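There are 2 protein chains.
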Amino acid sequence: MRILLIILLFVGFASHAQSEDEIKIKAIYDAALTQGKAYDWLNHLSNQIGGRLSGSVQAQLAVEYTRDQLDSLGLDNVWLQPVMVPKWVRGTPEYAYLESKPGITNSVPICALGGSVATPLGGLKANVVEVKGAEELAALGRETIEGKIVFFNRPMDPTLINTFQSYSGCVDQRYSGAAEAAKFGAVGVIVRSMNLRLDDFPHTGSMSYGELPVAERIPAAAISTNGAELLSTTLKLNPGIKFYFKQNCQQLEDVQSFNVIGEIRGTTYPNEIMIVGGHLDSWDLGDGSHDDGAGCVQSMDVLRLLKVTGYKPKRTLRVVLFMNEENGLRGGNAYAEMARKKNENHVFALESDAGGFTPRGFSIDANAENFQLIKGWQALFEPYLVHMFIKGGSGADIGPLKNGEVVLAGLRPDSQRYFDHHHAENDTFEHVNKRELELGAAAMTSLIYLVDKYGVIPPKKIKG
Amino acid sequence: MRILLIILLFVGFASHAQSEDEIKIKAIYDAALTQGKAYDWLNHLSNQIGGRLSGSVQAQLAVEYTRDQLDSLGLDNVWLQPVMVPKWVRGTPEYAYLESKPGITNSVPICALGGSVATPLGGLKANVVEVKGAEELAALGRETIEGKIVFFNRPMDPTLINTFQSYSGCVDQRYSGAAEAAKFGAVGVIVRSMNLRLDDFPHTGSMSYGELPVAERIPAAAISTNGAELLSTTLKLNPGIKFYFKQNCQQLEDVQSFNVIGEIRGTTYPNEIMIVGGHLDSWDLGDGSHDDGAGCVQSMDVLRLLKVTGYKPKRTLRVVLFMNEENGLRGGNAYAEMARKKNENHVFALESDAGGFTPRGFSIDANAENFQLIKGWQALFEPYLVHMFIKGGSGADIGPLKNGEVVLAGLRPDSQRYFDHHHAENDTFEHVNKRELELGAAAMTSLIYLVDKYGVIPPKKIKG
Chain A
1 MRILLIILLF VGFASHAQSE DEIKIKAIYD AALTQGKAYD WLNHLSNQIG GRLSGSVQAQ
61 LAVEYTRDQL DSLGLDNVWL QPVMVPKWVR GTPEYAYLES KPGITNSVPI CALGGSVATP
121 LGGLKANVVE VKGAEELAAL GRETIEGKIV FFNRPMDPTL INTFQSYSGC VDQRYSGAAE
181 AAKFGAVGVI VRSMNLRLDD FPHTGSMSYG ELPVAERIPA AAISTNGAEL LSTTLKLNPG
241 IKFYFKQNCQ QLEDVQSFNV IGEIRGTTYP NEIMIVGGHL DSWDLGDGSH DDGAGCVQSM
301 DVLRLLKVTG YKPKRTLRVV LFMNEENGLR GGNAYAEMAR KKNENHVFAL ESDAGGFTPR
361 GFSIDANAEN FQLIKGWQAL FEPYLVHMFI KGGSGADIGP LKNGEVVLAG LRPDSQRYFD
421 HHHAENDTFE HVNKRELELG AAAMTSLIYL VDKYGVIPPK KIKG
Chain B
465 MRILLIILLF VGFASHAQSE DEIKIKAIYD AALTQGKAYD WLNHLSNQIG GRLSGSVQAQ
525 LAVEYTRDQL DSLGLDNVWL QPVMVPKWVR GTPEYAYLES KPGITNSVPI CALGGSVATP
585 LGGLKANVVE VKGAEELAAL GRETIEGKIV FFNRPMDPTL INTFQSYSGC VDQRYSGAAE
645 AAKFGAVGVI VRSMNLRLDD FPHTGSMSYG ELPVAERIPA AAISTNGAEL LSTTLKLNPG
705 IKFYFKQNCQ QLEDVQSFNV IGEIRGTTYP NEIMIVGGHL DSWDLGDGSH DDGAGCVQSM
765 DVLRLLKVTG YKPKRTLRVV LFMNEENGLR GGNAYAEMAR KKNENHVFAL ESDAGGFTPR
825 GFSIDANAEN FQLIKGWQAL FEPYLVHMFI KGGSGADIGP LKNGEVVLAG LRPDSQRYFD
885 HHHAENDTFE HVNKRELELG AAAMTSLIYL VDKYGVIPPK KIKG
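Going down the list, the sequences are from chains A and B. Note that our numbering has the first sequence beginning at 1, numbered continuously upward. Note that our numbering has the second sequence beginning at 465, numbered continuously upward.
Keep in mind the hints are simulated off the structure, nothing from the lab. Bear in mind the structure is a predicted one, so any value in this text is a computation, not a measurement. Think of the CB as a built atom: it goes at the ideal place given N, C-alpha and C, for glycine as much as any other residue. Some hints here could point you the wrong way.
Stated by the list, open to error - Chain B side only, calculated, beta carbon under 7 Å to chain A, not exhaustive:
| # | residue |
| --- | --- |
| 1 | T556 |
| 2 | I625 |
| 3 | Y848 |
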């Protein structure tokens with residue numbers, strides 16, 4: 001696009017007297033876009049520390065780094081909440097191939113799913129049965145499945161505009177595919193990566209064996225979408241091919257880790273607590289920039305942006321960087337347990353855990369009154385193109401706080417690119433745009449400001 | 465983000481009987497996201513052909529390729545409209561450095577601005593005067609400027625949410641900086657790249673010497689934003705430094721080129737013409753994927769998506785791939801002239817020339833009645849998160865059609881990343897996301913469908 005006519009694009013802006021809220025929110029956005037710290041913090045987390053799997057050295061470095069950074073902000077209180085976390089390790093890089101005939105092989109990119117057991121030391125080779133899901137698996141039954149590798153190959157639905165909805169329609173294959181297949185005597189599981197794109201990155205993620213005894217657990221890995229297409233096509237031509245894979249991941253003893261918490265004490269209602277957060281742990285393949293380095297640094301910047309713009313919250317505001325969202329949710333559970341034990345009154349919790357992309361809105365998990373209250377602020381966000389105020393879930397880490405009183409919310413960024421990177425080697429810093437990240441921090445800060453200023457509506461039983 | 469709770473995010477979708485328009489638009493989106501051709505076409509334009517500067521071999525290959533692709537769609541008519549275009553060539557790569565003292569140099573990335581003259585054969589070395597714009601230049605006057613290189617260093621404003629607005633507030637430096645500086649005896653011009661990010665890519669773009677006689681024209685180049693920061697800092701420490709640059713670009717004779725046009729004849733009102741388009745030429749540094757390969761392939765797919773979904777337009781629908789938007793607008797002018805000469809009745813024109821990013825809405829250049837008509841369809845786009853229906857400019861190529869009757873519109877994608885890539889070496893295919901591109905094509909197709917179905921409101925003088 002060239003310059004002629006561009007100037008004409010921006011005529012006719014109506015001007016009107018600005019409200020205090022409009023002025024404040026503009027100041028927050030200006031500060032985020034001209035003196036934001038989120039991007040620098042993310043650069044350090046991603047490029048100096050890297051992937052932060054629970055229990056890893058990197059996760060511990062991230063705890064120390066973010067604690068130190070929060071310390072430097074002059075908050076009223078910064079502390080670590082101890083939490084024991086599972087420690088699963090990937091081991092040496094996984095390896096896999098298709099074998100059309102003995103000696104004729106095609107290697108394909110795979111990665112172990114988080115929580116999976118290893119293959120036997122020399123790897124595992126077997127015939128393959130492709131299924132679209134648990135129902136098809138059950139229909140085929142033990143006679144077809146026994147001794148085979150089950151290949152779950154139901155793709156994400158590309159016609160859903162919200163890609164998280166596509167994800168939620170597929171992720172059962174990854175999460176419980178191995179447990180389901182083991183029941184019918186499968187020896188291993190290969191799952192199509194949760195990715196809308198065709199590419200060569202396998203995407204890891206959590207899985208569970210449910211109640212399956214240790215002896216019956218079978219190894220499970222994700223295959224790249226291109227690999228899945230190749231495997232599926234090859235199977236159609238030659239159902240007799242074998243698949244080989246080798247992985248030596250293992251589950252070790254739980255280790256000590258921490259949630260990182262920083263706090264500004266409320267000036268007027270210090271016992272009413274608002275929290276904003278993301279999760280500090282990530283998977284190990286990339287550097288966890290979008291999932292969820294972005295949410296952590298945005299949350300940290302919320303407190304700093306309020307300070308920079310001279311706003312002192314009436315209510316206590318905490319940033320919580322949760323540990324172990326990816327494979328345990330221990331941090332989220334421990335935080336909620338602590339809150340209950342101390343009888344703390346949490347009134348609002350906001351999580352950013354959907355990537356550092358252009359913010360589109362918020363999903364709000366609250367009663368109708370509070371949903372309407374927040375939706376009523378939508379016009380204040382319109383100049384910033386934040387337009388989605390929808391009822392819905394918030395975030396995994398703040399979920400355990402849910403008690404029918406606290407209002408929960410989640411930042412909803414544009415979701416189109418999220419699953420290109422999710423849990424894969426290419427979830428890296430260069431795929432985060434500085435402005436998009438900062439716009440998210442500004443939207444979050446603005447919402448926290450409004451919640452603090454106007455308060456949420458307490459449940460009737462307390463009020464009346 | 466993990467899976468627990470994600471399923472909870474998407475509860476409570478209200479269902480209701482769908483209107484014909486809702487069903488049709490859903491079919492268009494489904495087709496775009498499952499059998500879109502835009503991404504494949506763009507892959508060819510970008511990776512097989514590359515940058516398509518007017519008058520280049522690549523521009524000609526792009527004309528032939530898109531004509532052939534349109535031919536394969538079974539349209540009623542596909543043709544080339546001849547148009548003579550300027551041919552400016554960059555020559556060998558530019559070279560520049562800062563010289564603190566004789567022999568102590570720091571090279572910096574620059575590129576000639578489109579339309580600039582060359583430096584002398586051995587390059588040009590002079591002291592530098594940094595200014596923020598034409599006003600400061602005039603205030604300094606000939607005594608300060610004469611014999612110097614003028615360095616225009618006013619950055620894009622990061623606080624504007626619409627980055628095109630930031631661009632329009634800066635681009636005068638690039639477009640007319642050389643003409644202004646020459647009036648005061650400057651020997652060359654260096655312009656900070658139109659880029660919100662700090663990086664090492666110089667961004668080219670069109671410039672004009674206005675009425676300046678040929679003998680008085682001075683060479684002009686863009687410097688990367690990092691280079692501009694370095695130059696500015698160095699000048700503050702040592703105003704006596706010299707800047708050297710060398711470029712051997714030149715303006716050649718005009719050459720023959722073409723607009724590429726494809727048409728579906730209207731079933732009911734064939735004399736009412738709607739057009740959808742982008743521009744086929746690009747700058748030469750990258751492959752022109754966002755600017756404006758994306759708009760071309762989206763426009764081509766509009767006609768194909770209507771066919772795929774079984775919709776026969778009542779009005780005549782043309783796709784127009786304009787030549788020479790970047791440095792001449794000859795294609796846009798030639799098309800409008802042809803339309804006037806043939807007395808064709810254009811009722812609607814839609815351009816996509818703001819990158820292949822997630823579509824956010826449309827800007828509409830029309831009278832109040834037609835603006836309200838189109839804004840009235842906004843609810844139909846809400847499920848697709850297309851929410852901005854604003855009054856404003858449309859696109860450079862369709863601008864010449866403006867006659868007070870035709871309704872003009874422009875696709876408005878998310879603008880945060882556009883100027884990271886605009887006119888630079890990194891405007892390349894891998895920075896276009898397939899789904900984002902397809903969502904744009906679907907939004908455009910849906911708007912064309914609605915305009916065709918309901919018609920625009922003819923001007924009163926004809927009606928009454």
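Verification of the hints:
1. T556: With a minimum Cβ separation of about 25 Å from chain A (threshold 7 Å), the hint on T556 of chain B is violated.
2. I625: Hint on I625 of chain B: holds, closest Cβ of chain A at ~6 Å, below 7 Å.
3. Y848: Since chain A brings a Cβ to about 6 Å from Y848 of chain B, closer than 7 Å, the hint holds.
In the structure shown, a violation is registered for the earlier hint numbered 1 alone.
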